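Asks: These are the residues of each chain, in order.
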Amino acid sequence: MKSFNLLLAGVGGQGILLAAEILGTAAVYEGLNVRVSEVHGAAQRGGAVVSNIRIGKNVLAPTMVEGTADVILGLEPLETLRNVKFASEKTLVLMNSEVITPTGIFLKIREVNLPSLETIIRNIRFFTDRIIVVDALELARKAGNVLTQNIVLIGALAATEELPIKTGTLEGAIKELVPTNYIEVNLRAFNLGYDYVKSMR
Amino acid sequence: MPPKPETLLQDKAGKQVLLLGNEAIARGVIEAGIGIVTTYPGTPASEIGDTVSKLASKAGIYMEYSVNEKVAVEVAAGAAVCGARALTAMKHVGLNVAADAVMTLAYIGVRGGYVIVTADDPECYSSQNEQDNRLYALLSNLPCLEPSNPQECKDMVRYAVQISEKLELPVLLRTVTRVSHTRGPVIYGSIDKPRLKGMLKRDVQRFVAVPRHARPMHDRLLEKVERAKEISESSPYNRVVRKADNGKIGIISSSAAYNYAVEATELLGLNVSLLKLGMSHPLPEGIITQFLEEHEKIIVVEELEPYLEVQVKALAKDCVPKVEIYGKMRGQYFLRSSEFSTRIVVEGLAKITGLKLPIDFISIEQKYEEVSQTLIRRSPVLCAGCPHRASFYVLKRATNGKALFPTDIGCYALGIAPPLSVGDLLICMGASIGTAGGVSKATEVDTIAIVGDSTFFHAGIPALVNAVYNNHKFTLVVVDNLTTAMTGNQPHPGTGKTGMGTHGKRVVIEEVARGCGVRFVKVINPFEVEEAIRAVKEALRTSGVSVVVFRAPCALLLVREKRRLGERLEPCWITEACNNCMACIKLLGCPALVIKNGNVTINEALCTGCGLCAHVCPYKAIRLPE
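Protein sequence lines, in the order shown, are assigned to chains R and H. Numbering-wise, the first sequence is residues 1 to 201 according to the numbering used here. Numbering-wise, the second sequence is residues 202 to 827 according to the numbering used here.
I should point out that these hints are in silico values taken from the structure, not numbers from a laboratory. Please note: incorrect hints may appear among the correct ones.
To be verified - Distance ranges between label pairs, derived from CB positions:
1) 172(R) x 827(H): 48 to 54 Å
2) 31(R) x 797(H): 44 to 50 Å
3) 58(R) x 704(H): 46 to 52 Å
4) 411(H) x 58(R): 53 to 59 Å
5) 642(H) x 58(R): 56 to 62 Å
Said to hold, decoys possible - Quick list of in silico lysine-lysine cross-link-like pairs, BS3-like style, CA-CA up to 27 Å:
6) 797(H) x 787(H)
7) 85(R) x 557(H)
8) 85(R) x 723(H)
9) 216(H) x 2(R)
10) 642(H) x 557(H)
11) 166(R) x 213(H)
Bear in mind the structure is a predicted one, so any value in this text is a computation, not a measurement. Don't be surprised by glycine CBs; every beta carbon is placed ideally from N, CA and C.
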């Protein structure tokens, strides 16, 4: 099997590490070799957060090379664009539409414009045309907790059938890793993301 | 999410689990029968102690968060000298603090296996420097193991204990961020019963390092290094993992760099031999010499210092002078700073071998340059509701921004960012207090040292005693958020909680300050802004050293506590009186205050209702939660 490279990008506090652990655990359930890279400490305080998930027999390095991502899962559009150099024209970018404004922008003396979602998408297109945008905030709200946007996007990712992991295995990993009281709302979020992408196709 | 304790304690050899490198080290503790674990938290090492802390009482292990790394080593060393199996975990700079104990413990040695984990941080992800602690192995003569994945993290704990007991010498286990913070599948081994109890039989020539004993101790240590070389020579972790058919190029590597090296050769289609060194001190000179003899060119791939390269070159000079050796010393095919990546190794190897790059990085970078024009930096910030924001606002108001602020290691270092912009000098743990003494001697400006609660206990107290004794003139502000926040909310003496989850005795900062001889000591909640400003002004007018403790709990603790109860913190809200003057945003830079469609709004998901913005609003347009 060729190795599979998945990059998660977002903002500290969005639950990237949990999403990465769910995906990595599911890979192990499938008997696959996997490496998951994480960033802890200072970078988590509302800063940019990236995690790589690499699956395959020969995978050793926890991080991937530019231009080799199979999928970029963007929990936030600006952070997705920040990591777009890991994409090639074959890469699928699956991205949340909810922009989180960096706090610093409000303090700038000179005018800095936050790029619109449309601008961000146009810039991502320089690298790949395979882009799916999901309103994960809306779906997470529907599921019952806005903090489940990460799980909505894992559901959406499962529906794309790009992952070498079965959907049921992902659900199993979610049940294993989220606190017991939150299993139900997370599975609802997963299904809403899944159904959304399925209904698009 | 840490794995559930039951999972890590399962006595199921052969079971495969996804573990973080640091969690794998914790599992290694369980398997290797280690009876005592000590630590001071620090990224990227924190999860080792935290994971053991959650398992300790169930597993029959004694675990403590020590006050600093030196004490952590001393506590563990005391037990290991009595025959207990021990492990101490720390970040790379922690070993600087512990070095005094480690250097002479190497002379004395241990009886039970003792492993010292040092987690290095190439790229300074969460650190003030990126020193290469393999050099401590050379300096101290201690054996050093370097895992490159979670499985090795676990397995090498037991291996380190075996070596340690064979040589009666502590063993360094050196990871890097990309090993400690990488998850991968780990296959469990069997579990040994934890060994905590032993006895110290008096033997002053062995255990008491006075000069007369220390000289023979040094010779005994050097004999142990010779025996360690034999272990290194036959170590399963020092091996040729791939042999090229043409004998032209050989790569020598270790740690995270090894992973990049393997993948880089595959991307380049480079036919090379690979020598992986999992035990990097002392080096297996026989294995390396043979590897040098079998190849025309040797490429050393390692992060940070040319630790392997220097030694390989020294060996080559004596044994195989004709072999060409490439690395970072001459030609600079690789850099001595920053962490590596597969791409960096690909580029270095391509330069050395003349091979074409497999990926057109230049055109990727050009394209990225174009699209990233629109990107805005997203730096880490103090959380919404963080009491440090209130503290810094108070300090700015109290001093009109005219004081100098030596600051320290912790979340509050984020206070240097605008708009708070508090913090002028930062070296290492506890240095705010020592440097404040020097700054106040060398300038005529008000000097305010800023230190966190955990950092105060770690290295602040001797500096405070020094300041009182030598009659320095500055104010020390202890920003006490009742936790070790930056590394994941570990307890410390001021919390009274212990690593075993029990309640110890609480050591109270203001009592410590008074005990150190400080006359002016005040404790204030920084959210009581005006009162806090008065206290700082008063402290600055005092002669000698004054101490103000700003005490309010870390917002993350409050949020988590509420979430655990299934509740939430009620947010502040903005009334009609708001005229969008933006004072709240410009003064505080709180991530919960955002501009939407030109209007100031409050992000309810982030706001903790701390009310600092309500205090600063000139129009009283922000209301506290009911």
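Asks: Which of the listed hints are broken here?
Replies: The structure conflicts with hints 1, 8 and 10, although it agrees with all the remaining ones.
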